Amino acid sequence: ETCLSVLKTLGVEISPNANAESLLTEAISVKEIIRNSHIHNLLDLPKMEDFDKMAAMTFLNTAVLCSYETNEFTFFFVICRMVKLSVRHGLCSISAVAFSLYGALLTCPTLSDFDEAYKMGRLALMAIDRLNAFRMKPNVFLSFYGAIAHCKEPVQASIPKLLEGYEVAFALGDMERVTGILQLYAAVAVWGCGDKLTKAEEIIRIHFRRMLQHKQDISCKNILPHLNQVAKLTGSKENVYVTFFNTTEDNFFEEEMNRRGAHTRKLILHTCRMYLAVMCGDMESAAREYERNGAKYQGGIRFFGTTTRVFLAGIVGFYLARKRRLDEKKWAQVGEISMDTIKSWTQDSSWNYAHKLLLLEAECLFLKGEEHEHIAAAKYNESIALAKKHKFKNEEGLASQKAAMFHLEYNRKAEALSHLKHAKACYECWGATGLARQIKIAIESLSSQSFPKI
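Mapping the sequence shown onto my numbering, position 443 (from 1) lands on 455, and the numbers just tick up by one.
In short, the hints are calculated from the structure, not lab data.
These figures come from a predicted structure and were not determined experimentally.
You may find that some hints are simply not true.
To be verified - In silico DSSO-like cross-links for lysine-lysine, where the CA-CA straight-line distance does not exceed 30 Å:
#1 Lys-401 <-> Lys-173
#2 Lys-211 <-> Lys-59
#3 Lys-405 <-> Lys-211
#4 Lys-164 <-> Lys-452
#5 Lys-335 <-> Lys-164
#6 Lys-96 <-> Lys-131
Claimed, not checked - Listed next, with one range per pair, are the computed distances between beta-carbon atoms:
#7 Ile-45 <-> Lys-249: 38 to 44 Å
#8 Ser-460 <-> Ile-349: 38 to 44 Å
#9 Glu-383 <-> Glu-179: 38 to 44 Å
#10 Asn-393 <-> Asp-125: 48 to 54 Å
Idealized CB from N, CA, C, for every residue including glycine.
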């Protein structure tokens with residue numbers, strides 16, 4: 013309320029009762045204002061001179077991060093007002109942030125304009141130099157390389173840019189952006205296979221300790237789940253929760269889940285736990301994580317973590333539809349929604365999503381039964397081949413693991429063993445020695461005629 017009151021004093025009114033419908037109206041009005049400006053390139057707009065409008069932009073830039081954690085719709089309206097101020101009253105350094113955030117906003121399910129999102133994001137990157145907005149680089153990089161770039165570009169290409177943005181934010185003492193960019197790096201490096209796990213762990217750990225030295229304990233809690241999942245994937249026996257916060261994982265989880273607010277940290281915790289469960293074959297645990305927070309898995313700005321949650325939900329949905337026949341319709345619908353969503357994303361970035369789509373299609377056909385057996389087998393093989401081509405070793409291994417489960421269902425032991433061996437090789441190459449050891453045990457069990465859980 014205080015924030016909205018200050019903005020009103022500065023001539024910027026935002027309704028405290030914003031909702032999805034009013035947001036759509038606001039976003040459409042921003043598009044019309046940009047179109048009606050008759051400016052071929054928004055960077056040709058004049059410089060902002062009005063002192064009150066510059067003060068409003070400064071305040072909005074401060075408020076945008078707080079509103080993201082407290083009220084999603086207020087956050088979206090803040091973004092739209094920043095763009096409107098820039099188009100109507102001229103550009104300032106914060107306009108670069110406004111354009112990048114607006115691009116990120118356009119990735120939301122209700123808008124889903126990825127071409128315009130990418131255009132606005134690229135415009136924001138150019139604005140850093142054109143508007144002498146070096147101090148805004150971390151903010152722009154956070155939006156573009158966190159939410160926009162992977163809609164069009166190979167996600168692995170974002171790694172060096174995220175680290176560049178992190179270093180600039182740290183040099184500027186902008187610890188909020190330091191935290192945001194580091195957690196995005198961790199997501200892309202692990203879930204997007206942007207780095208080998210050993211390298212990702214080294215980078216995350218170095219910067220995590222760096223933040224602890226600067227007394228950023230609260231921010232570190234957003235990074236800790238990423239560090240924990242890397243430790244478990246690599247087979248480390250270290251309990252990072254004990255090492256850094258003298259607590260257990262379960263206690264940390266329950267404490268954070270009961271904390272008011274902290275929306276981002278809760279999503280990170282859920283996603284890391286769900287990712288580990290899926291990769292380790294513990295689908296019941298993965299289902300519990302989905303059910304705890306499933307309503308939030310498909311909405312909001314399309315940060316890379318969002319795409320990961322959607323994909324994992326599809327894997328969980330089709331698996332449980334096979335195993336829980338009484339709830340088959342419910343879980344099949346979860347899988348189908350995820351599959352349809354990723355299919356739409358594949359149109360804009362086949363590099364990042366085509367292999368995921370093929371795997372979900374294979375799982376869907378597996379659910380449908382014997383009449384689709386041969387097509388399902390082909391889909392698994394295509395997913396494995398495409399994941400390899402696009403350098404997603406983690407998902408190449410996951411697809412091989414799922415293909416092994418499929419072949420076991422039809423008692424094809426030789427095919428299942430072949431896929432398990434391939435999954436083991438993928439995980440070893442990725443650096444997930446903990447997963448590789450687990451697969452090795454499954455191979456030994458299957459070789460001795462028992463049918464392990466994989």
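| message | If you test the structure against every hint from before, which numbers come out violated? | response | Hints 2, 4, 5, 7, 9 and 10 not satisfied by this model.
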